[in-house]
Structures are given as C-alpha cells and as structure tokens.
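Starting from the structure of chain A, add chain B where the hints point.
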Amino acid sequence: MDEEYDAVVLGTGLKECILSGMLSVSGKKVLHVDRNKYYGGESASITPLEDLFSKFKAPPPDENYGRGRDWNVDLIPKFLMANGLLVKLLIHTGVTRYLEFKSVEGSYVYKSGKISKVPIDQHEALSSDLMGLFEKRRFRNFLVWVQNMQEDDPKTWDGFDPYNNNMSALYNKFSLDKNTQDFTGHALALYRDDEYIGQSAINTIRRIKLYSDSLARYGKSPYLYPMYGLGELPQGFARLSAIYGGTYMLDKRIDEIVMKDGKVVGVRSGEEVAACKQVFCDPTYVPDKVKKVGQVIRCICLLDHPIPGTGDALSTQIIIPQKQVNRNSDIYVSLVSHTHQVAAKGWFIAMVSTTVETGNPETEIKPGLDLLGPIRQKFVSVSDYLEPTDDGLNSQVFISTSYDATTHFETTCLDVLDIFKRATGEEFDFKKVKHELGDEDQ
Amino acid sequence: MATVKVTEQKVILCGEYGVGKTSIFRRFANNTFISSNDRKSTLGLDNIDKEYLVDDKKIRLQLWDTGGMERVASVTSSYYKFAEAAILVFALDNATSFHLLSQHLLDIVTYAENAKIFLCGNKNDFESTALQVTDAEMEQFCEQCHNLISATYKTSCKTGQGINEMFEEIAHYLVETNRSRIGLHEMDQERFKISYVDESGDPSCVC
Numbered sequence: 001m002d003e004e005y006d007a008v009v010l011g012t013g014l015k016e017c018i019l020s021g022m023l024s025v026s027g028k029k030v031l032h033v034d035r036n037k038y039y040g041g042e043s044a045s046i047t048p049l050e051d052l053f054s055k056f057k058a059p060p061p062d063e064n065y066g067r068g069r070d071w072n073v074d075l076i077p078k079f080l081m082a083n084g085l086l087v088k089l090l091i092h093t094g095v096t097r098y099l100e101f102k103s104v105e106g107s108y109v110y111k112s113g114k115i116s117k118v119p120i121d122q123h124e125a126l127s128s129d130l131m132g133l134f135e136k137r138r139f140r141n142f143l144v145w146v147q148n149m150q151e152d153d154p155k156t157w158d159g160f161d162p163y164n165n166n167m168s169a170l171y172n173k174f175s176l177d178k179n180t181q182d183f184t185g186h187a188l189a190l191y192r193d194d195e196y197i198g199q200s201a202i203n204t205i206r207r208i209k210l211y212s213d214s215l216a217r218y219g220k221s222p223y224l225y226p227m228y229g230l231g232e233l234p235q236g237f238a239r240l241s242a243i244y245g246g247t248y249m250l251d252k253r254i255d256e257i258v259m260k261d262g263k264v265v266g267v268r269s270g271e272e273v274a275a276c277k278q279v280f281c282d283p284t285y286v287p288d289k290v291k292k293v294g295q296v297i298r299c300i301c302l303l304d305h306p307i308p309g310t311g312d313a314l315s316t317q318i319i320i321p322q323k324q325v326n327r328n329s330d331i332y333v334s335l336v337s338h339t340h341q342v343a344a345k346g347w348f349i350a351m352v353s354t355t356v357e358t359g360n361p362e363t364e365i366k367p368g369l370d371l372l373g374p375i376r377q378k379f380v381s382v383s384d385y386l387e388p389t390d391d392g393l394n395s396q397v398f399i400s401t402s403y404d405a406t407t408h409f410e411t412t413c414l415d416v417l418d419i420f421k422r423a424t425g426e427e428f429d430f431k432k433v434k435h436e437l438g439d440e441d442q
Numbered sequence: 001m002a003t004v005k006v007t008e009q010k011v012i013l014c015g016e017y018g019v020g021k022t023s024i025f026r027r028f029a030n031n032t033f034i035s036s037n038d039r040k041s042t043l044g045l046d047n048i049d050k051e052y053l054v055d056d057k058k059i060r061l062q063l064w065d066t067g068g069m070e071r072v073a074s075v076t077s078s079y080y081k082f083a084e085a086a087i088l089v090f091a092l093d094n095a096t097s098f099h100l101l102s103q104h105l106l107d108i109v110t111y112a113e114n115a116k117i118f119l120c121g122n123k124n125d126f127e128s129t130a131l132q133v134t135d136a137e138m139e140q141f142c143e144q145c146h147n148l149i150s151a152t153y154k155t156s157c158k159t160g161q162g163i164n165e166m167f168e169e170i171a172h173y174l175v176e177t178n179r180s181r182i183g184l185h186e187m188d189q190e191r192f193k194i195s196y197v198d199e200s201g202d203p204s205c206v207c
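Chains A and B supply the protein sequences, listed in that same order. Residue numbers for the first sequence, in our numbering: 1 to 442. Residue numbers for the second sequence, in our numbering: 1 to 207.
Just so you know, the hints here were simulated from the structure itself, not pulled from any lab data. We put the beta carbon where it would ideally sit given N, CA and C, even for glycine. Please note that the accuracy of each hint is not assured.
As the list claims (entries may be wrong) - Per label pair, the in silico range of CB-to-CB distance:
# : chain 1 : residue 1 : chain 2 : residue 2 : range
1 : B       : Ser195    : A       : Asp251    : 31 to 37 angstroms
2 : A       : Gly346    : B       : Glu143    : 36 to 42 angstroms
3 : B       : Val72     : A       : Ala216    : 41 to 47 angstroms
4 : A       : Lys323    : B       : Lys58     : 58 to 64 angstroms
5 : A       : Arg376    : B       : Glu190    : 24 to 30 angstroms
6 : A       : Lys345    : B       : Glu51     : 33 to 39 angstroms
Excised from the complex, chain A in its bound form (with noise of 0.2 angstroms):
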C-alpha cells in the first residue's frame, strides 16, 4: 500500500468500480480499497441466503428456502434500461462480457387497487383498461407525436415548441386526463414526483423515448437484469480496472484521508499510508463531507409465489404513482427469481421501495406490500440518503451520492459521469476503450 498512486479509490459499490474502471482505462494509477471482506460495498447481492438471514438478524432459514448458495439478494433494487446510460458504459468498457442477461417480463402500474400493463405502443394503448374509449384514441395520438418528433427538425413538431412550453402545456395539446398524465410521467418518464409538468417538455419526451427505444431492443418491458444479481455488475467494472492494471485490497480498514493544505495527499490505514493526488469514495467513508437530505426504505420479501395479476411472471416491475396513494413519491415494486438464479428454485424476491416522507416508513409501503400476497420473510431497512457538501474540485476528493429510490440506474450513471468530468476536467472518452479491446479480439 506504501507507494504513490494517481488515485485512490474507497468502497467496491457499483459507482466506485465504474470510475476505478474508468481511471484505470485512461491510464492512471489506481489503488482500489475496501473496508468489507467482499466486492459490492451497498450495491452487493448477499450470498448465501444465510448471510441475508444473519444480517438482518433473524433465525437461520429452514430447509424450505432451498440452497443457501443459489440466493444472490440484491440489497438496493435496480433494473438496467436497456437502452439507458448503463448499457451504453458496459459495452463500450467491454465490462458485458461478464454479464448475461434476461429481459424483465412486464411492467405494471398501479390504479385504484389494482395494476394494470403499462401500455406503450399503439396496440397495447387502445387494449388497455387503464382509460376509456376516446382517452385511448387521445393518448395514442400522444404517443404517435411522441415518436415522430425529431428534436432538430422543428418541421416534426407540429406547432407544438418542446424547449420553450412546459409539459402541462403538452398534456394539454393533447387533452389527456389527470389518470393518463400520471402513468405517463411515472410509469412511462419514470418521474418520481410531479415537479416535471411545470419543467421543459422536451426532458419528459427524451425520457419517454428511452422507455420506448429500451422496449424495442428486447421486447417485453424497456428492463434488463443481470444473472445472479445486480453484485455482477461493480465486479465487473472492478475485474476492468483490474485488467489495465488497478490495484485491489478487500478487508482493509481506512483510518484517515490524509490531507495538505486542503488538498488530499493521501490515504492512512494504520501505519501505512497510500500517497495519491485524488480520492474517490462513496459517503460512508467521509462522513464529515457529507449531508444527509432524506431518507429511502427498502423492504425486501421473500414470496414462493410470482405476483398475482401479473400472469405468473417471473420478474416484473410495478409502479405506484404517488397520486394514487396520496403520496409526494412513487412506491416501486420489482420481483425477480429463481430463473435468474437469485433464488433458489420455486422462490421470488420481491422488493418495495420509496422515499420516506412520514415518521413511520413502513407503514408508507403498505400499498405495494399488499399487492405480493402471502410473504414468507421480510426484511426492513431504512438508509440515509447522502450527498456531498462541496464539488471536490478543491480537496480533490470526489463523493458520489447514495443510491436513490429509482427503479434505474439512470441517474446512477450521471453521478459517475459528472464525477469524472469534475475530477479529469474532460468528458469519459469511451473510444479510448473501445479501441484497445477491438485489438485484442483479433
């Protein structure tokens, strides 16, 4: 550890491996440090199922959980767009090569008690029981305009300026209702709250473009999921950063970023000190640096059965709107299972999740806990949500965020990206890469 690095890096969760990875690619000198004895820091998935257990303090599970080695539980719920940001650093870093994927097999929203398929084509709009017969026709002529327009060719338009009116105006061009306004933002722009409708329309079109674009890759939803887990994907970066050469220490405790005349200099851990010129890290590692500005509850359920009313799929993701239970943020449920080997056989995991906003989380979720129907374990946890209190760019030393309450890993992403730029001063170059590894497929 004694030696002089460009950089140091503190904590394996998915944002650090990606700038390590990142780093390491263009060709600087990375130290990669972990307090934990495993990869994955937040963004793990426990194995084996006795670990969860253990972590959570509950009794061991019984037989009837299978296997403890085929679990792999996620601890923070994500899906990957599958034409999102994620996708986009996972085959330019080449890093898909370690990932295989499933498609997630349909994405519901929530109305009045009960969920519904989240119509985004012309067919699935006029089927939908989400609205009624001249809504449909009125909602497809929105989604029709949605597609068509080009955000350089104002003759697409049709009248309508998407950079100067704001999404109410839009919703208005089109005379949608309150009900369609609301799946549309959350379960199709994936807003969390309503502040969006008197923002730019040209963010919430983007966004329901990439939902759409996402759903024409694959098929059946816009969502892709890696096998064994979401603790796949900061390995896989970590194993990039590896490869062009980054340094790796698990089970290491940090005692002091060292710093001179406020700039950092270094990294202490006992004795031994790793002199660098810049630190990256998540909040956990410097508490004094960062403010806490909410709160996300997660509640993780262990189901021997797929959700009712989604035709037995064996992953799936329903959306709350706020609005449906008098809420300021959606409540999001995700399930994944055996099939993409989280779980042991005949077993699902079912996760639901928001921003709290009342004294009491748990009871918060209440609406998406009794959409699972029986749940044989729960597992309740309740993070701070932190954020840096400077930019960095005087201390050099770079804090990403937690991880939010989105269903995605869009705004993951353009935490890591903005980190880079603020530390590199340029834009990730993602053809430096792309370069190299197309050498090496010869």
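Only chain B this time, still in chain A's reference frame:
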C-alpha cells in the same frame, strides 16, 4: 446468421499469486515467455480465444486470467461464473502454493459448480532437487478431492513444455462433456449477452 458459430468455452486460471498463471496465459496467447513479471505486457488483455479441432469437431477455448486480483484482494466471484473448466495452478518449487490449493478449489466448486477442474504443476524446469512437490503428493491431493480433478499436468512456461498438450487435452475433455450435456444449453435460451454497437451516428463505429 449464416455462419455456424463455434461456442466458446470459458477456461479460468486459479491459484496463488506468482505461480505462473499469467505466464500460462501468455504462452497460450502467443507462445512467449517473459521472465521478469512484466505486467504491462498483458495490460488491457482480458481473455484469449483459441480454436481446437477434436475429432472433426471445432471447439473454442477462451482462457481467462485473474488480472492479479488475488494478490492482495480476492478474485471476484463473477470471475468464476459461466466457466466450463478451471485450471488449478501451483508452482512445483513452492510447497505453500500447493498447500493453499484447497481454498481455490473451494471457490471453484462454489461459484463454478459445473466446471471441469484440472490440476497444473507449473515451473517444471528446476533441478529435481529444487522441486518441493512430488507426484505422490499430487496424486494424494486428487484422492482427497474425491475425484473432482479431471486430470493433472506438469508444465514449464519457461521452456513451453506441456502447455499445448494440456490445452489440447482440456479441449478433448470439454468436447466429451458437452456431448453428454447436449440440450442443457438450450434449456435456457432467454438469457443473452448485450453486444450490439450503438446507433449509426456513434463515433465508435469509425474504426
């Protein structure tokens, strides 16, 4: 697609740091040997493909190296995933590297349940007096492992002795196992790798 794709068989190298895994990787890749541990030469190299012909049947071995992750940390569990074969490497002149094999074996059976396992004593180029591990000890190890080890080899990356033979035999073993496992892969066709290159406007397509 018109061409018949030869499916790749992932083969991983396991064992202590410094036993010669990267040297085996390099011999497999381009039949060279670099005595000092010059890691730069494999920087950015992830895995190497090589095609073998076994009784008119083509098979592609895809060899993976650890990237040095075992040095101070542990190898990620995802390194083992999807492996069809694992080569347990130790150095014949280093008894400790041999005694620590059981931990690596445990990782293989935990994370790569279906992989065929091979034992490889490397650095078979020392005077016999310098060798610290005997054939009898290797045999004993295999017996203790309840026949988990499919075959054992002795190699020297310095001279190249035994390397090709080992991979040819591993190719043979995998063809045999695949024969008896035909259909297994078709059971789960829903899973896929994402490999497409993005939109035509993407600058990365220029090369």
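Here's how the hints hold up against the structure:
A C-beta distance of roughly 35 angstroms is found between serine 195 (chain B) and aspartate 251 (chain A), which places it inside the suggested range of 31 to 37 angstroms. In this structure the supplied range 36 to 42 angstroms holds for glycine 346 (chain A) paired with glutamate 143 (chain B), their Cβ-Cβ distance being about 37 angstroms. Distance hint check for valine 72 (chain B) and alanine 216 (chain A): the Cβ-Cβ separation is about 44 angstroms, which falls inside the suggested range of 41 to 47 angstroms. Range check, lysine 323 (chain A) to lysine 58 (chain B): about 59 angstroms between beta-carbon atoms, so the 58 to 64 angstroms window is met.
In this structure the supplied range 24 to 30 angstroms holds for arginine 376 (chain A) paired with glutamate 190 (chain B), their Cβ-Cβ distance being about 26 angstroms. A C-beta distance of roughly 36 angstroms is found between lysine 345 (chain A) and glutamate 51 (chain B), which places it inside the suggested range of 33 to 39 angstroms.
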